[in-house]
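Student: Sequence:
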Amino acid sequence: GGGGGSTMASDCICVAGYNGTIATASDGCTPCPEGTFAGEGSGTCQECPGGATSAARSGNVSACVCPEGMYHDGSTCSQCAPVGGTSPLGSTNVSQCSCGQGYFRTAASGTGLTCDECAACPAGYAKVE
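In the working numbering, each number is its position in the sequence shown, counted from 1, plus 5.
Errors might be hidden in some of the hints.
Claimed, not checked - Cβ-Cβ distance ranges computed for the label pairs, FRET-style:
#1 GLY48 - GLN106: 41 to 49 Å
#2 GLY129 - GLY33: 21 to 29 Å
#3 GLY46 - GLY129: 15 to 23 Å
#4 THR26 - PRO87: 27 to 35 Å
#5 THR35 - THR111: 41 to 49 Å
#6 GLU39 - MET13: 27 to 35 Å
#7 ASP32 - GLN84: 16 to 24 Å
#8 GLN106 - ASP32: 45 to 53 Å
#9 GLY44 - GLY79: 21 to 29 Å
#10 MET13 - THR81: 39 to 47 Å
#11 VAL99 - GLN51: 21 to 29 Å
#12 ALA60 - TYR130: 21 to 29 Å
#13 GLY48 - ALA125: 30 to 38 Å
#14 PRO36 - GLN84: 39 to 47 Å
Don't read these hints as lab results, they were simulated from the structure. Yeah, the Cβ is synthetic: ideal placement off N, Cα and C, and Gly gets one too.
Using the sequences and the accompanying hints, generate a full structural model.
Tutor: Here's what the structure looks like:
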């Protein structure tokens, strides 16, 4: 199939991960910054929901993940232990939280970290992995 191409700049759209409106040939698209996303042709970068973040130029909400030290609780990103708690980027469960370097778990519940149970190691001591 052949086809007639467009003859108007306004028929152009920004690819996913970029925002802008093309009205003239001199207009352009700009990349979405970290923590935002834009679908193809949406024209607007939207913030990731629930405290999540994303890489720059993300094209879909699925690129939004919880930052380090947080986990997704089903609706939003929640903080691991407020002092000393950590988790990998994109954690999806509280069980992925742990006490970071220089901190130790203070509870012995055996049911997983409840995210408020890290305490600093005493002066001169460190937690070993």
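Student: Work down the list of hints and note, for each, if the structure agrees.
Tutor: The hints, checked one at a time:
For GLY48 paired with GLN106, a C-beta distance near 44 Å keeps the hint of 41 to 49 Å intact. Between GLY129 and GLY33 the beta carbon distance is about 57 Å. The supplied range of 21 to 29 Å is therefore violated. Evaluation of the 15 to 23 Å hint for GLY46 and GLY129 yields a failure: the beta carbon distance comes to about 59 Å. For THR26 paired with PRO87, a C-beta distance near 42 Å fails the hint of 27 to 35 Å.
Taken as a hint, the range 41 to 49 Å holds for the pair THR35 and THR111, whose Cβ atoms sit roughly 47 Å apart. A hinted range of 27 to 35 Å holds for the C-beta pair GLU39 and MET13, which are about 33 Å apart. One distance hint, 16 to 24 Å for the beta-carbon pair ASP32 and GLN84, is violated here, with the actual separation near 41 Å. At roughly 49 Å, the beta-carbon separation of GLN106 and ASP32 lies within the given 45 to 53 Å, and the hint holds.
Between GLY44 and GLY79 the C-beta distance comes to about 24 Å, which sits within the given range of 21 to 29 Å. At roughly 42 Å, the beta carbons of MET13 and THR81 sit within the given window of 39 to 47 Å. For the hinted restraint 21 to 29 Å between VAL99 and GLN51, the CB-CB distance of approximately 27 Å keeps it satisfied. ALA60 and TYR130 have their C-beta atoms about 37 Å apart, which leaves the hinted 21 to 29 Å range violated.
Taking the beta carbon of each, GLY48 and ALA125 are about 48 Å apart, not inside 30 to 38 Å as hinted. Taking the beta carbon of each, PRO36 and GLN84 are about 29 Å apart, not inside 39 to 47 Å as hinted.
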